[in-house]
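Could you build the full structure based on these sequences and the hints that come with them?
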Amino acid sequence: MVLREGNELKIEGTYTFKASREKVWRLLLDPKIIAGCVPGCEELKEIGPDQYEAVTRGGAKGGSMGKVSIKEKRAPEHYVVSGKGLGNSTVTVGDVSIDLEESGEQTVVKYTTDAKVGGLLASLGQKMVGGMAKMMADQFFKKVESFL
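By the numbering used here, the letter at position 62 of the sequence shown is numbered 62, and the numbering carries on one by one without gaps.
Derived from the structure by calculation, the hints contain no laboratory data.
Everything hinted at is true.
Keeping only pairs whose Cα atoms sit at most 25 angstroms apart, straight-line, the calculated BS3-like set for lysine-lysine is:
| hint | residue 1 | residue 2 |
| --- | --- | --- |
| 1 | LYS73 | LYS116 |
| 2 | LYS143 | LYS67 |
| 3 | LYS18 | LYS134 |
| 4 | LYS32 | LYS45 |
| 5 | LYS18 | LYS142 |
| 6 | LYS134 | LYS23 |
| 7 | LYS67 | LYS134 |
| 8 | LYS116 | LYS67 |
| 9 | LYS18 | LYS32 |
| 10 | LYS23 | LYS142 |
| 11 | LYS73 | LYS32 |
So the derived label-pair ranges between C-beta atoms look like this:
| hint | residue 1 | residue 2 | range |
| --- | --- | --- | --- |
| 12 | ASN88 | LYS18 | 37 to 47 angstroms |
| 13 | ALA75 | GLU53 | 16 to 26 angstroms |
| 14 | SER20 | VAL55 | 27 to 37 angstroms |
Small disclaimer: the values here were computed from a predicted structure and weren't measured.
Glycine is no exception: its CB is placed at the ideal position from the N, C-alpha and C atoms.
See the structure below:
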């Protein structure tokens with residue numbers, strides 16, 4: 001599926017954890033925890049160092065498969081998740097940059113998503129897709145926080 005110009009999706013946000021940066025770093029890079037926290041993720045299988053294959057379930061049109069890699073790791077302050085997913089009627093390609101900053105006894109996670117979407121998802125419009133993505137990011141971080 002070809003992604004046309006104008007299908008870019010950029011999202012920025014923050015989430016504050018009541019834990020040390022090192023502890024949050026470990027949680028955010030644990031594949032078992034991540035698989036349980038990503039909405040709709042059924043499986044996150046390691047296929048190489050810092051490389052994973054993901055299977056997610058979707059709505060009426062079914063699920064998707066994708067590949068994810070972790071790059072630019074600078075423990076415990078920064079990494080980038082790069083991914084490509086293909087669903088029944090949607091394709092997504094992009095990066096999520098994650099920065100962890102200590103703030104007293106808390107850790108502020110700042111994330112920036114730079115993605116391109118195509119297919120059915122792109123037809124929904126950037127505002128709607130962006131709103132859904134932000135909601136899913138909040139759900140993700142709340143679930144991660146439950147492991148503290």
